[in-house]
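**Q** Given two chains presented individually in distinct reference frames, assemble the corresponding complex, making use of the accompanying hints.
Residue numbers (our numbering), protein chains in the order written: chain C, 48 to 362; chain G, 192 to 796.
Just so you know, nobody snuck in bad clues.
Computed spacing ranges between beta-carbons, pair by pair:
id, chain 1, residue 1, chain 2, residue 2, range
1, G, H222, C, R325, 24 to 30 Å
2, C, D321, G, H222, 18 to 24 Å
3, C, F332, G, A788, 39 to 45 Å
4, G, A211, C, Q357, 54 to 60 Å
5, C, Q357, G, L209, 51 to 57 Å
6, G, L214, C, R236, 48 to 54 Å
7, C, R329, G, L209, 43 to 49 Å
8, G, L200, C, A310, 29 to 35 Å
9, G, L209, C, D321, 35 to 41 Å
10, G, W785, C, R325, 32 to 38 Å
11, C, A310, G, A484, 55 to 61 Å
12, G, W201, C, R314, 39 to 45 Å
13, G, L774, C, R325, 49 to 55 Å
Honestly, the hints are just simulated from the structure, not real lab data.
Since the structure is predicted, the reported quantities are computational estimates derived from the model, not experimental observations.
All C-beta atoms in this analysis are idealised placements derived from N, C-alpha and C, irrespective of residue type, glycine included.
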Amino acid sequence: MRKAGSRGEESSVTPALDREPTPPRTLFDPAFLQKLEQLSLISRRRVRGWQRGERRSTVQGRGIEFDDYRAYQPGDDYRYIDWNIVSRLDRLFVKLFSEEEDLDVHLLVDASLSMAEGTPTKLALAARLAAAIGYIGLVNLDRVSVAAFTSAPGPRLGRLRGRGRAFDLLEFLAQLAPSGETNLALSIRRHLASARGRGLLVLFSDLLDPHGYEEGLLLARRYRYQTFLVHILADDELAPRLAGDLRLVDVETHAAVEITADAEALRAYAGARDAYLRGVERFCFRHGIDYLRTASSVPAEDLVLRYLRQGGLLR
Amino acid sequence: MTLGAPAALWGLCAVPLLVALYLLRVRRREHPVSSILLWQRSAPTPAASRPTRRIERSVLLALQVLAAGALVVGLARPAIVGRGAGAQALLLVLDPSLSMRARDVVPTRFDRARAEALQAVGSLRPGQRAAVILAAPHPVVLAPLSGDRGRLRAALAAARPWDAPGDVAGAAVLAAQLAPAGDARIVVWTDGSHGPLPALPRVVYRIVGTSDDNVGITALRVVRDPQRAEALVRVENFAGSARRVPLEVRRAGTPIYRVTLALGGGESRAVAIPLALEPGAPAGPELLEARIAVPDALPEDNEAVALLDPAPLPSVLLVGPGNPYIERVLRLLPVARAARTQTVDVSTWRTFGVVILDRVDPGPLPPGNYLLIGTVPPNLPVGASGILARPTIATWDRTDPVLQFVDLDDVRIDRALALGPSGGRVLVEGQGPLLWEYTGRGIRALVLAFALQDSDLPLHVAFPVLMANSLAWLGGAAGEVPVGEAVQVPAGGEPEAALLFPGGRRLRLRATDGMFVLPPLERAGVYRLTAPSLDRRFVATIGGSHAGAIRPGAAPLPHAPSGAAAAPSEGLLTEVPLWPWLLLGAVAAAVGEWALATRRHGGEA
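Just chain G, same shape as in the assembly (with noise of 0.2 Å):
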């Protein structure tokens, strides 16, 4: 049995409200008669007096009751799973959300997800195949198509959540790719907690999860620049109802500060916090931690950390024609060494934290951080699809980190690039995209779309300011990362180096063409990279400011027609949908009691 929207049973609280009111109701109905002197000789009995006589003989009520609950378990979309007869091939998608790592399902939502899908692993029958996907930020296929159950119980086994929210259409959308035409059947368990899901041909959605109840600290950032620092906590309630938070702020293991947040239903807090800069302070990172106590169902994101070591001067190569403007400005900023060419050299870059490249071709991009201007690389999913005459700038976020104190009104240009991206966030936008951003694939690049001398951008306050945001951004790409990026770092001549990961597991990585490559990190935490000539430490970030959102979400209505007609030959697995007969139950329910309570009673005399 499943429930395609679980949420709907919060509607049962109903039931005893209405028997409540049934008890406690006290005021009649008053109707004038002709005479009650034929009421006061029906002799009635003191016990119809009593409360209990009511529900015990009212069949008015036990239909009301009967009615509202049919119609809330009817809401809730329940479906029984069986098993079907004819499909060949199951693709068992796993949401591996952060969300799904809820406990509102006893043990958490991903444990009954993972044996649920066990469970049909173990149901197949000889000749069946099946394959598991995990819906992580990047989809990944843990088994392919296979009879074989233990390698599909073990894959499943080897299945962990993550710390980031997962990309459950596209898991659908690559099994549906997977699935041999006709006779498959595609299963995805999620909470659809993070918006609405695609309804898809032969793809059926089991809805895990009951509760939206979940405090979270959705942000922990640390703000410095060189006379002061400052620590951002933003804390976001997800839940409907009201909730008094306690916020305990440590650095370095010592409290500095404390505060109870009062949040509304769906309600944020951000809280600022000074944080004093020691030039005689030790030397190394310093761990800032924020803590709330408040039991939810799901305490994961109760806790986060941020480094509050001063984060390492990137070094900087500009690569181009030559730009007046951009060396001046590298000259002026705060960068470990910057440095110029013409040639696009990539082997040359590997030793550069961030590389600009200025009105050059350069090929596809190694992993790294770039600042591309007024051209576009082929590995990354933006294209140039011609030129934009005078683009006006239209709008900018201000919030991103990249535009922070960027003015941009009264810059005029000649002529962008009409960029196309698919994905990445775009940050300044006219007539097209003028300022995208993007990251991923080891890469995290920005691309201006318009030369510097097309613009009159280098003579507004505003150039510096960008460019120093820019950088700071590009460069800092070591200090803090989004769970499920793989991250990529300059092995700086070290063959080998060990991963320390938060829980304490060690992994040990060779360098690829002068990189560490990490694996995709699944838990939000400080990870240590060690090397004889490298101490690097990063905190990976619970990705997204909606993960810890866990309310469940409702499946899509069948793509296809389904249910107890399509089940023989639908699939190994068949849903059939009983909300149809309960709502009937329910409305039948509803005009019996209406028919009982309106019939007229007794007979002629």
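Just chain C, with the same shape it has in the complex (with noise of 0.2 Å):
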């Protein structure tokens, strides 16, 4: 008999990020917890899983949902044969019925420099997001990675399960701190390549990576993984409260770029700002992603009762 989180279940934290350890916060109030136990998570494809669990397997089995018919062989469990067909026609057949297996739930926080802008920031915002889609994927015993990326490898939780594990995920991800710069694709490697389930990937990031977030999107779903990418922007990146001559640097990067940002200035910004978001959305559609932008602002709650219901991702 295998114990729960004994096959494949990383149970150790990789040490945090240099950083000065500190205590879980609250990221949730208790009422909302309540609301997140009502939602489970949406797996469009079928999974197989490790364990038994409320997710719809690709092997058939001994779940509840009925799937087929088939003829009944030797061997068979008399207690599937369906009684009123044999009364029908006299031939005896067996109910199949879907096996109902956990599902793999990745979250992937992007941890870089960048993310700590806007009010509140955009880290704060993807760790309440993903301590939500966490939790719920905990609640329906779907086994819950969560890992926080920048170019250098960062903490890491794996395959946590079980209602019993959720303070471990929500103390991981209220301990996130910002740091070094973003490199998508390398983190996604990084990360898909000591994955063991495929199964559902959601990424929470500002994209805002110098080397693209195109190579590392395909990586995810070169490996079969269910995308959905929170695409988080700060207030001032959406429209920039700037004027004068500036030298803008880059936080990450420490790159800079001297503008003078009169209207025409910008007006150009708000132009390569929108050809960026579209490019996203366009890549995303194409490629099967399924894409949700916000602002920091928004409120966490609203997101995910409202948003990401409406965006598929909940239920």
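**A** In structure tokens form, the structure reads like this:
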């Protein structure tokens, strides 16, 4: 008999980024957690899990959800013979049920320095969203992995299962702090290379990656993950409130660009911003990646209870 | 259009500075952002780095320039001069001060003021009257209230600037007294460079002049005693910036001294030049000339002259009950003649250069030079309101020629007249004025408030020195007079004399009561009065050490509500102040610039 978490569960937490440990913060209040318990993650494809769960598996077995009929074969369990059909056709058929197995949920949180922008910060919103989705997964007996990524290997917490691990999840996310640069492709490659199950990959990032976001997202698709991208931007990134002659310094790369922030420059920025966002939308649509863009000022509760449900991640 | 404070226009220099700073500013404020990815993709054009683009496109700079310009022009207090509708009397006051001859306004400030006054006369309507007043050292009415334009124009055309500061305040008061009640307006053209102007009802000031660029000779004096002589030249830089001033002094046309003075803004320097006294030198007066070669707005005070000839010794008459102290001093001092009388007979005084009135009531004084001891005449602007018991000497003016080398320490006074002067100069002061000096109306007088017998002054060394200085000052009147003074010279029996002006003009004078009464001297320079048995020269000097200060002052704020609202009913000339609108515009431009600079650009994604 295999103990829960004894197979493939990386229960040890990798040391946090270069910072002092901080006590876990309260990400949600109990009332909101109660609301989350009524939700579940939607998997658009059948999954092949490791343990019985509440998810329709690619394996037919002992679930409760009817799947198909087939002719009786010696050795089949008599309890699954459909006696109504026997009475009508005088032939033996057994009912097949979908095996309900667990779902692997991978939560990847961008913890680069650029995520410290915004009020609240983009990282804070990403952590709350990841906590909410992870909690929903745990309540529904899914396996939840969560990792913070930058260009350097970040902390990760692997394959949690069951409501009892919710505290670990929330504590892990509460302690995330921004550091380092963004390298989406490297981070996803590193994470997926070590992940065992295929399943749902939820990515929280601002996509402000000088190397580009395309390669990383394509990698997730290549590994046949159902990918959901939550694109978080700060208000000042959407509409910068700048004026005068400025030397803008990138907090991650320390590269600089000199601008005169007059109306024309801000119009040009708005054009570049719109083109960039349209490009992300098209890319996700073309490759079957679910995409949700939000400002960091939008309350996490609204996003979870409203927009993520409308976006098809929760029900 | 007039400017209340034209000096404020210098502030416009800040505008090109603002643009230059905008162009040259290379330091950019560092601003951390989460990523420069989108900024790099916002495709800056090469024209973005062209400096002039920032001017072309920067509404902010335009608003800054607009705000600064409006503020500066507003501080200059501009106003539009227009024609009013209702006033029936217009009193035109012209300031003829030396500073009004400055050429910073073409052709001169005075000419500009006169042109505006002529324009005002030209705009008189039938039934309206005007008067012309000259704010000379003693204000004069050149033309009384009249509707005759020709007469008014002639009066204005005859007006000349003087080489002395005018009495603008006195002229404004005189105009206010002449103005009919209610329906009158007084317009004063001045540069306001000699102190604050009084805010009076119905008085509007037109400030002319824009510059303070002037360096001038403020004093040229010859100090001499039997052994030696010395010329003292004082040069003052009235401008705010430093100047190098070449100074040359000539004696009888021959240069005897040259120096270049470095004067900071507002600085003055005195130069003492020893003069050789040659026993065998030809008799007659010698001219000492000082000249500075510096281009400025007021060249009139770049030259000064003094007479080097020994001042004639005064003849002195002592009128009084007898005073052994004075009589002994008069025997010792160099005087041409000394006489004593106990009777007050004014007719006998004319032949004496100085009359000493000792404790006698002289009645009204005729023109002349007087030392009054313990008595006050009725026709001087000083009165005695009582007796001061045991007054002590607190201060005295050591710089005045009368008190030079006079030490009044330890002088005790038992009692003195309580003088109440209005004008003149108080030279010694204790509980009240104890020695008072006056020059005017043809009279030069020193009033000592106490009798010599009531003090121990005659027992001090200061007494003979004080007497010598007093006689020198009183007797030297003929040698040097300030511009604006009416000089009277004893006729010495001559019925007629000729007065030769510095410019060469000649004027015939007739003796009145044994005196030649000269007209007020308008110009500085050497004057010569000649008759068969008379040949007197005297120098008219620029009055006041600050006569060369030409920095335009500011008009006082209107005494009564004026401006656009008051204009229609106030006078022939109305002043619509523009500065409130300009300041309002400056504030609006500044607020607009701030709002534009801080407004949120771009749209939400």
